[in-house]
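Chains as they are written, first to last, in the numbering used here: chain A, 1 to 117; chain B, 1 to 113.
None of these hints come from the bench; they were simulated from the model. Every residue gets a Cβ at the ideal spot worked out from N, C-alpha and C, and that includes glycine. Mixed in with the good hints there might be a few duds.
[Said to hold, decoys possible] FRET-style restraints, in silico, Cβ to Cβ: (1) Val20(B) to Ser72(A): 18 to 26 Å; (2) Pro82(B) to Lys53(A): 39 to 47 Å; (3) Gly60(B) to Trp98(A): 42 to 50 Å; (4) Pro40(B) to Arg63(A): 24 to 32 Å; (5) Lys9(A) to Glu15(B): 25 to 33 Å; (6) Gly28(A) to Asn18(B): 18 to 26 Å.
Here is how the chains run, residue by residue.
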Amino acid sequence: DTEVTQTPKHLVMGMTNKKSLKCEQHMGHRAMYWYKQKAKKPPELMFVYSYEKLSINESVPSRFSPECPNSSLLNLHLHALQPEDSALYLCASSPFLWTGESLETQYFGPGTRLLVL
Amino acid sequence: KQEVTQIPAALSVPEGENLVLNCSFTDSAIYNLQWFRQDPGKGLTSLLLIQSSQREQTSGRLNASLDKSSGRSTLYIAASQPGDSATYLCAVRPRNAGNMLTFGGGTRLMVKP
Chain A
1 DTEVTQTPKH LVMGMTNKKS LKCEQHMGHR AMYWYKQKAK KPPELMFVYS
51 YEKLSINESV PSRFSPECPN SSLLNLHLHA LQPEDSALYL CASSPFLWTG
101 ESLETQYFGP GTRLLVL
Chain B
1 KQEVTQIPAA LSVPEGENLV LNCSFTDSAI YNLQWFRQDP GKGLTSLLLI
51 QSSQREQTSG RLNASLDKSS GRSTLYIAAS QPGDSATYLC AVRPRNAGNM
101 LTFGGGTRLM VKP
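Extracted from the complex, chain A is given alone in its bound form (with noise of 0.2 Å):
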């Protein structure tokens, strides 16, 4: 399974709503990572994950609270949200956080469209 999966495809939240976008991998990767992207701009970094735990917060709002229960799920859960916060989420995973392999890289999940009114 080399697929990064994340659920749902789109969102609609009103600026009250708590709402949580959910990302799974099964391929063992223990580094894992959210971005924002807004339309016609590359991925922003939010947050990273290494070993569960949380390695770089990009100075993201409180209103977005990333979490990794375990080692393949990593969740992203909004309270509050500004219109300013649509875009597309995306998540990612890798082998690892730290190394020195060149071959390694980020692999990608299909995103969550996230529109708030």
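With the hints as your guide, set chain B onto chain A.
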């Protein structure tokens, strides 16, 4: 800090043309460089990955080259088809950043029938 630039930002060509997309990066200390394809509202599909010790990689009608010393990569698409219409993203994996990726801004390609 590594910076990645892609030129042009958008490109429109008639079907059948051979075309070249450009990517430049500021720091040659990289593990690899990767070209991704992204369809609107979709995830990233890896097209080609070139390790720092390699000069090029080929897959079907796609050929990617890497000149690490000059900080440049090109993606050559032969005999373009309307189905090639997408955004193409270049990303480098810097040597001082583990498995982190630095992305270029992308080139939006439209191939007209």
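Hints versus structure:
no. : hint                             : result
1   : Val20(B) to Ser72(A): 18 to 26 Å : 40 Å, violated
2   : Pro82(B) to Lys53(A): 39 to 47 Å : 46 Å, holds
3   : Gly60(B) to Trp98(A): 42 to 50 Å : 33 Å, violated
4   : Pro40(B) to Arg63(A): 24 to 32 Å : 26 Å, holds
5   : Lys9(A) to Glu15(B): 25 to 33 Å  : 31 Å, holds
6   : Gly28(A) to Asn18(B): 18 to 26 Å : 40 Å, violated
Checked against the numbered hints above, the structure breaks hints 1, 3, 6 and satisfies the rest.
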